[in-house]
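S.K.: As a plain string of letters, each chain reads:
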Amino acid sequence: MNALVQALALVGALGAGSLALSAAATQAQAQEKPVCSVWLIESSRFMGTPMGSFMPDRAFVPGSQSPLHNINTVDLPDNYGVIKCGNEVIMYDSGWKQQEYHKMTGTEHFTPMPEQLKLLGFDVADITKVVLGHAHWDHAGQLLDLPNATLYVQREELRGIEWALNYPNPHISAVNNTPGGCYRSPACGYEPLTVEQVYGKVLKGKAVIVDGDMEIMPGVVIHPAFRAHTAGSQLLEVPTTIGKVVFGSDAYSSWEGIRDWMPANIQQTDTVQQFLAYEKCYKITGGYQNCISAHEPLSYTDKYPITKNSWVGGPNGSRMAEIALASGEKSRHP
Amino acid sequence: VQTAPSRGSLLLVSGAVIALLAIVSVSLQREVASEPKPLPVVRTEADGSATTPSSLTAEEEAFAAALWPLHQSVVEPSTGRLTYAGLTFALDDPDPQRLAAKLRPLRQIFHDTQDEVLVIPVPASLQQVRDRYTEMLSLYEQSAAEMLEVVGDGNRQHLIDAQLKSENGAEELVRLGDILWPGEHKPN
Numbered sequence: 007m008n009a010l011v012q013a014l015a016l017v018g019a020l021g022a023g024s025l026a027l028s029a030a031a032t033q034a035q036a037q038e039k040p041v042c043s044v045w046l047i048e049s050s051r052f053m054g055t056p057m058g059s060f061m062p063d064r065a066f067v068p069g070s071q072s073p074l075h076n077i078n079t080v081d082l083p084d085n086y087g088v089i090k091c092g093n094e095v096i097m098y099d100s101g102w103k104q105q106e107y108h109k110m111t112g113t114e115h116f117t118p119m120p121e122q123l124k125l126l127g128f129d130v131a132d133i134t135k136v137v138l139g140h141a142h143w144d145h146a147g148q149l150l151d152l153p154n155a156t157l158y159v160q161r162e163e164l165r166g167i168e169w170a171l172n173y174p175n176p177h178i179s180a181v182n183n184t185p186g187g188c189y190r191s192p193a194c195g196y197e198p199l200t201v202e203q204v205y206g207k208v209l210k211g212k213a214v215i216v217d218g219d220m221e222i223m224p225g226v227v228i229h230p231a232f233r234a235h236t237a238g239s240q241l242l243e244v245p246t247t248i249g250k251v252v253f254g255s256d257a258y259s260s261w262e263g264i265r266d267w268m269p270a271n272i273q274q275t276d277t278v279q280q281f282l283a284y285e286k287c288y289k290i291t292g293g294y295q296n297c298i299s300a301h302e303p304l305s306y307t308d309k310y311p312i313t314k315n316s317w318v319g320g321p322n323g324s325r326m327a328e329i330a331l332a333s334g335e336k337s338r339h340p
Numbered sequence: 044v045q046t047a048p049s050r051g052s053l054l055l056v057s058g059a060v061i062a063l064l065a066i067v068s069v070s071l072q073r074e075v076a077s078e079p080k081p082l083p084v085v086r087t088e089a090d091g092s093a094t095t096p097s098s099l100t101a102e103e104e105a106f107a108a109a110l111w112p113l114h115q116s117v118v119e120p121s122t123g124r125l126t127y128a129g130l131t132f133a134l135d136d137p138d139p140q141r142l143a144a145k146l147r148p149l150r151q152i153f154h155d156t157q158d159e160v161l162v163i164p165v166p167a168s169l170q171q172v173r174d175r176y177t178e179m180l181s182l183y184e185q186s187a188a189e190m191l192e193v194v195g196d197g198n199r200q201h202l203i204d205a206q207l208k209s210e211n212g213a214e215e216l217v218r219l220g221d222i223l224w225p226g227e228h229k230p231n
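For the record, the sequence lines run as chains W and A. According to this note's numbering, the first sequence holds residues 7 to 340 in order. According to this note's numbering, the second sequence holds residues 44 to 231 in order.
Next comes chain W alone, as it looks inside the complex:
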């Protein structure tokens, strides 16, 4: 009987020891798990966009008291992300080339990206990777200013552009359908200069053509969102101290759209795929709060909580937000 008791005690002690070791290992693993610091920057702001053009389900109805139909126009920021993981600085999207000759009428908050990065304490030469959510000109427009950055773009995005440009019907292959621009035709948005800069990165050996998912750093993962805005849209999952965040570029044009399950900014978009991209953020982050949107009108305000820690950074009023800081990383908020 004594022997049985001793044996049981030994088994118990071994079990407890093993549990303690396992817990310690898990804790150590959690401590080692890399987390990144994340900022959001406003490249510019597109003024006076009709709400119905941005979110069809929320088209303005004069006299309506419904919050779904009482907004006529919205001002859309054009956001990109800066992500620091260890010593690496990554950008998600790159805004658009802000030149005197390329200032759209009715656009505000111009600040060149190199100046914006300086305000965060970075130099353009520090950027080692740039992940394109998609290759439209207002999100992929400053690649020449990132000499050391390796470009990550989905193969499907490149294929989609090529297909559109070579389609025999000029209504489909045209980059612009009218002198006033275009919105939803297949080649629309792929300005020749932007496509040329993507090609330049490829020739210089500074491009990775992504097929589907790819972990580009520990915990930093590209997820495809095919046709959620363009043929080869892609999301970026980033581990932070506030949990995982997911950048969505124009697959996530509207954060309210993700929250309320409404399509937004339908360019070359399959709305079913856009909803699946929304769902991806819910699955990865556990909700909609940590989904980072490219054009959410509420950006940099309390109403879009993850961006509320914000300030005016650029000389022309461009805004930036500190979303998460890794341990030991100093705040950039003035």
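It should be emphasised that the hints constitute simulated quantities derived from the structure, not laboratory data. None of these values were measured; they are calculated from a predicted model. A few of these clues could be false.
Chain A is faced by these chain W residues, among others (derived, beta-carbon under 8 Å) [unchecked claim]: (1) N93; (2) F128; (3) L171; (4) N175; (5) S179; (6) A180; (7) V181; (8) G186; (9) C188; (10) C194; (11) E197; (12) L199; (13) V201; (14) I215; (15) Y294.
All C-beta atoms in this analysis are idealised placements derived from N, C-alpha and C, irrespective of residue type, glycine included.
Take the given structure of chain W and dock chain A to it, following the hints.
M.R.: Same frame as chain W, but now just chain A:
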């Protein structure tokens, strides 16, 4: 035992049914009339169909309008096709003959389009802009010719040199577009 209804009672029942139908009909009409009618969606100048106001004179507008079809349906798609000829060669299909088959017609298009632009009547105020437009096309023609060199000697440096030319051409294309068709590129 069932008995046939009298004519009087039939008339009475029919009258009651007609009266009921009339009441229901009037009620329905009132109901429909009291429902709020959907109001038309207000469109603003920022809508997709609108164009950005131009500061060009009528003569200059006429030049821009005459150039637009070439710019829209020939020049811009051809620049993209040139870029993609190189991109496909660099990434997926290193066959020089297939590259040449794409480049030769494009080089010809850039060459011929210069002549087509030159015959469009241009006001003196836009002569320089017109000249810059043909120079931009010439840059693309030179880029296509430089890329074709790789077919002969296999030296990929030609692609890099050609890309610098077409990148300069693409930047000039944006500058000129901003003068002739301001707001040509909308947010996407």
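S.K.: Against which earlier hints does the structure fall short, listed by number upward?
M.R.: As far as the earlier hints go, 1, 2, 4, 15 are violated by this structure, in ascending order.
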